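Chains as they are written, first to last, in this note's numbering: chain A, 6 to 137; chain B, 6 to 137.
Calculated from the structure, these hints are not laboratory results.
Among the clues, some could well be false.
Each pair may be met inside one copy or between any two copies, as identical chains are not told apart.
Derived pair list, reagent style DMTMM-like, types lysine to aspartate or glutamate, alpha-carbon separation capped at 25 Å [what the hints assert, rightly or not]:
#1 K74 / E132
#2 K103 / D37
#3 K67 / D121
#4 K38 / E132
#5 K103 / E125
#6 K103 / E132
#7 K38 / E125
#8 K74 / D121
#9 K74 / E125
#10 K103 / D121
#11 K67 / D37
Predicted model, so just to flag it, every value in this text is computed and none were measured.
There are 2 protein chains.
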Amino acid sequence: MLAQEGTISKPGEQKDTATCEHISRMLSRICDKWTVLVIRALGRGPRRFNALRRDIGEISQKMLTQTLKELEENGLVSRTVTPVTPPQVEYALTELGKDFLRPVRALATWVAVHSDQITEARSVYAEARINV
Amino acid sequence: MLAQEGTISKPGEQKDTATCEHISRMLSRICDKWTVLVIRALGRGPRRFNALRRDIGEISQKMLTQTLKELEENGLVSRTVTPVTPPQVEYALTELGKDFLRPVRALATWVAVHSDQITEARSVYAEARINV
DNA sequence: CTGGATCCGCGCGGATACTG
DNA sequence: CAGTATCCGCGCGGATCCAG
């Protein structure tokens, strides 16, 4: 897929294109709504399943399970099971996950800082649509 | 929605919860696959529609149109129409968009740097699943 | 060239019920 | 408590056709 056999001008650029596609795939794998929210929630410390569920609030049990499994698969989250009754499962960020927390937080804080500008832009856009 | 009327312990925390939800909504609005890819593509300079389409490569016309419209609505992208035949429409990052480029790039570069670790974690995870 | 409109399949994501 | 399994609606997203 994504042949794009043309435009092989320089080896440097060609490599860039390849890595670009790789990055794109990784980005689309990681950058979805739930992933970011879960990473952020786990950034405040290790949590058990339902505690995590409450922290995020709007997430369903299914999506949380699924997202956690993906994150564990990608090596960003560790899953520790304590075999007692009732069973305890604690999720925590791995070293890789903690490292990933930085760009995620950067994104979150950016949104926090500029949310007003965005909402204003939205109202401006909505108002402009009337004058058409 | 998202009532959650309990747990109003301290006004500070209560405000944090409110802003947290606000941020979450913003994040889920901005952080999807296409948005990030388009922002990144526009980060390399203003582009016209099909040029942008080629740059991203894997995006369909529908999704590009849709994503661009959302980004314009959020004030991150400007749309300049030059009324000629054939019509030219140039998309560019606004100042807000350029600013947003920073955390997005941070995310992208992080993925680029750690993609190997992620792929390795995936293979480790896959291998561990066999030993069950 | 820059889209809008439409059809449609598939997967996201919620709800519910059940297991250990 | 921590999930798995199932059903199901709705929206994402591709494909195609058409307009300005």
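Okay, the hints, checked on the actual structure:
Taking the shortest alpha-carbon separations for K74 and E132, only the inter-copy value of 15 Å comes in at or below 25 Å, while the best intra-copy value is 43 Å. Taking the shortest Cα distances, K103 and D37 sit within 25 Å of each other both inside one copy (18 Å) and across copies (21 Å). Proximity of K67 to D121 under the C-alpha cut-off of 25 Å is found in neither arrangement, the shortest distances being 32 Å within a copy and 29 Å between copies. Taking the closest pair of Cα atoms, K38 and E132 never come within 25 Å of each other, the shortest separation being 28 Å inside a single copy and 28 Å across copies.
For a Cα distance limit of 25 Å, the shortest separation of K103 from E125 across copies, 17 Å, qualifies, whereas the shortest one inside one copy, 33 Å, does not. Taking the shortest alpha-carbon separations for K103 and E132, only the inter-copy value of 24 Å comes in at or below 25 Å, while the best intra-copy value is 42 Å. Within a single copy, K38 and E125 get their C-alpha atoms as close as 23 Å, and across copies as close as 24 Å, so both meet the 25 Å cut-off. Taking the shortest Cα distances, K74 and D121 sit within 25 Å of each other only across copies (19 Å), while inside one copy they are farther apart (34 Å).
When the C-alpha separation of K74 and E125 is checked against a cutoff of 25 Å, the pair qualifies only between copies, where the shortest distance is 16 Å, while the shortest distance within a copy is 37 Å. Taking identical chains as interchangeable, the C-alpha atoms of K103 and D121 lie at most 25 Å apart only when they sit on different chains, with a minimum of 16 Å there against 28 Å within one chain. Taking the shortest alpha-carbon separations for K67 and D37, both the intra-copy value of 15 Å and the inter-copy value of 19 Å come in at or below 25 Å.
In this structure, the earlier hints numbered 3 and 4 are contradicted, and the remaining ones agree with it.
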